[in-house]
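**Student:** Protein chains in written order, with our numbering: chain L, 1 to 132; chain R, 1 to 132; chain Z, 1 to 132; chain C, 1 to 132.
Treat the hints with caution; some may be incorrect.
Subject to a maximum C-alpha distance of 16 Å in a straight line, what follows is the list of computed EDC-like cross-link-like pairs (lysine to aspartate or glutamate) [to be verified]:
#	chain 1	residue 1	chain 2	residue 2
1	C	LYS113	C	GLU47
2	Z	LYS50	Z	ASP114
3	Z	LYS50	L	ASP71
4	C	LYS50	R	ASP71
5	L	LYS50	Z	ASP71
6	Z	LYS105	Z	GLU91
7	Z	LYS51	Z	ASP123
8	L	LYS105	L	GLU91
9	R	LYS50	C	ASP71
10	C	LYS105	C	GLU91
11	L	LYS65	L	GLU93
12	L	LYS50	L	ASP114
Pair by pair, the computed Cβ-Cβ distance ranges are [to be verified]:
#	chain 1	residue 1	chain 2	residue 2	range
13	R	PRO44	L	ARG96	29 to 35 Å
14	R	LYS50	L	TYR69	21 to 27 Å
15	C	LYS50	Z	SER40	44 to 50 Å
16	Z	ASP114	R	THR75	36 to 42 Å
17	Z	GLY2	L	PRO121	46 to 52 Å
18	C	GLU129	L	PRO117	44 to 50 Å
19	L	ARG96	Z	THR75	23 to 29 Å
Simulated from the structure, these hints should not be mistaken for laboratory data.
Glycine included, C-beta positions come from ideal geometry on N, C-alpha and C.
There are 4 protein chains.
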Amino acid sequence: MGVHSYDIRVRYQETDKFGIVYYANYYVWFEIARTEFFRSAGLPYTELEKKGIYIVVVSSSCQYKQPAYYDDQITVRSRISAVMNTSFTFEYEVARGNNLLATGKTVQVLVSKDRKPVKIPEDIRKVIERRA
Amino acid sequence: MGVHSYDIRVRYQETDKFGIVYYANYYVWFEIARTEFFRSAGLPYTELEKKGIYIVVVSSSCQYKQPAYYDDQITVRSRISAVMNTSFTFEYEVARGNNLLATGKTVQVLVSKDRKPVKIPEDIRKVIERRA
Amino acid sequence: MGVHSYDIRVRYQETDKFGIVYYANYYVWFEIARTEFFRSAGLPYTELEKKGIYIVVVSSSCQYKQPAYYDDQITVRSRISAVMNTSFTFEYEVARGNNLLATGKTVQVLVSKDRKPVKIPEDIRKVIERRA
Amino acid sequence: MGVHSYDIRVRYQETDKFGIVYYANYYVWFEIARTEFFRSAGLPYTELEKKGIYIVVVSSSCQYKQPAYYDDQITVRSRISAVMNTSFTFEYEVARGNNLLATGKTVQVLVSKDRKPVKIPEDIRKVIERRA
Chain L
1 MGVHSYDIRV RYQETDKFGI VYYANYYVWF EIARTEFFRS AGLPYTELEK KGIYIVVVSS
61 SCQYKQPAYY DDQITVRSRI SAVMNTSFTF EYEVARGNNL LATGKTVQVL VSKDRKPVKI
121 PEDIRKVIER RA
Chain R
1 MGVHSYDIRV RYQETDKFGI VYYANYYVWF EIARTEFFRS AGLPYTELEK KGIYIVVVSS
61 SCQYKQPAYY DDQITVRSRI SAVMNTSFTF EYEVARGNNL LATGKTVQVL VSKDRKPVKI
121 PEDIRKVIER RA
Chain Z
1 MGVHSYDIRV RYQETDKFGI VYYANYYVWF EIARTEFFRS AGLPYTELEK KGIYIVVVSS
61 SCQYKQPAYY DDQITVRSRI SAVMNTSFTF EYEVARGNNL LATGKTVQVL VSKDRKPVKI
121 PEDIRKVIER RA
Chain C
1 MGVHSYDIRV RYQETDKFGI VYYANYYVWF EIARTEFFRS AGLPYTELEK KGIYIVVVSS
61 SCQYKQPAYY DDQITVRSRI SAVMNTSFTF EYEVARGNNL LATGKTVQVL VSKDRKPVKI
121 PEDIRKVIER RA
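All chains, please: the whole structure from these sequences, using the hints.
**Tutor:** Rendered as structure tokens:
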């Protein structure tokens, strides 16, 4: 099934003058969820970088359903919903307890240090597909 | 019809360790472009807030085509592509000279201070539709 | 002694193109450490706000000794080092294991919702002085 | 005297739930002011990086006198107030019209790509001292 959950406390810095979390910050949370997803799969992102492989987001989206507030304890659930030849898709749910606050999606490709696309290596593909 | 252009210099703080602009920051630029769009239409966002009207983003998306780098002079082009009963849609293009770096879209609703949806007032609708 | 420790994982978004944590982000960590300091003292910041009391920083400083990197597990130690009539001072240490990365200081005042200075209420003073 | 002025429009993202600019963001503005200071001196920071020279902040401080608000047009004045053997000091004033909002200071050293301190090269020293 491969859904990974990660808890985040909303920072004061993440709020805006309307008193809610600024809309771009959900993407920061998505990135943290991806990082922790890979760490829990035994493939920390820092290890990928040592192999000269970098993850670049080529597409991102978010639907905002209810606001998140300062100091909220929120949960970001992430899963890999698709694996293609050179890209893979993450989907996310942001919740506060039973309240779904937002859903999102990002598509990633792997690139080398000079930003050339890289075919997903077999060991990484195994991890991704196992979790998908 | 009604395309507004705004120039932004990429900040050091907006880059990440991969040497390019962090993906969430494009949404910050979209918000700046919306702000300047309304200002140029004679409807500054601070005026809306004085009327007790706030703009809340309910959906956002971005496609990243080429990276943006530190100190780049970029242009964000924004236009209103749809006006519904209670919501309206912005579309964006981020470019460095002739290079298209990213495209994006956000959907907004108007709400009162207590975050209740508000039908788009006639004077605002006129501005929005004139620019759309 | 009243030193409070809080662990933070460095976010990708917090790094810059030089590959280290951007210098302004240490102040975000200081703010998180203050928040958790008060929470652990039984005085969560959200409770203060319900009483109409807000904490405003009037002065901040940081000395950077060693860089922090992406994905580092860092510890922020915070303590109240001085309590005056209307202000109090926090001091911070940012460490990665035994490596001291940075030290910092912030001075805060209490204000009402309309940003008028407020004498530190007795119950808050007790908490602050107990921890100092 | 070598004071450089740079105008910045306050972004929505820079505000917090108290309705004012979040305190760490002044340091982002200081960094922009330094960047523009060097650009105006004919020594853009991107040129420094091409020579393999990076500027690292070793100390920063800010005194907050009045809040800055969303959409404010602010001016950041910067000047080099001291040049040492391997470091130099910037001082800043943030103002909205005639209102001084904040003052600040940063100390920088030059380092190579592997973060070793570098003696200030003669051509850079000339620029810095001319402006100091």
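**Student:** Evaluate each hint against the coordinates.
**Tutor:** We went through each hint and held it up to the structure:
1. C:LYS113 with C:GLU47: 14 Å, holds
2. Z:LYS50 with Z:ASP114: Distance ~14 Å between LYS50 of chain Z and ASP114 of chain Z Cα, so the pair holds.
3. Z:LYS50 with L:ASP71: Since the Cα atoms of LYS50 of chain Z and ASP71 of chain L sit roughly 13 Å apart, the hinted pair holds (cutoff 16 Å).
4. C:LYS50 with R:ASP71: 13 Å, holds
5. L:LYS50 with Z:ASP71: 13 Å, holds
6. Z:LYS105 with Z:GLU91: 4 Å, holds
7. Z:LYS51 with Z:ASP123: 12 Å, holds
8. L:LYS105 with L:GLU91: The given pair, whose Cα atoms are some 4 Å apart, holds under the 16 Å limit.
9. R:LYS50 with C:ASP71: Distance ~13 Å between LYS50 of chain R and ASP71 of chain C Cα, so the pair holds.
10. C:LYS105 with C:GLU91: 4 Å, holds
11. L:LYS65 with L:GLU93: 11 Å, holds
12. L:LYS50 with L:ASP114: 14 Å, holds
13. R:PRO44 with L:ARG96: 29 to 35 Å: At 33 Å between Cβs, range holds.
14. R:LYS50 with L:TYR69: 21 to 27 Å: With Cβ atoms ~24 Å apart, the hint holds.
15. C:LYS50 with Z:SER40: 44 to 50 Å: 48 Å, holds
16. Z:ASP114 with R:THR75: 36 to 42 Å: 40 Å, holds
17. Z:GLY2 with L:PRO121: 46 to 52 Å: 50 Å, holds
18. C:GLU129 with L:PRO117: 44 to 50 Å: 47 Å, holds
19. L:ARG96 with Z:THR75: 23 to 29 Å: 27 Å, holds
Checked against the numbered hints listed earlier, the structure breaks none of them; every hint is satisfied.
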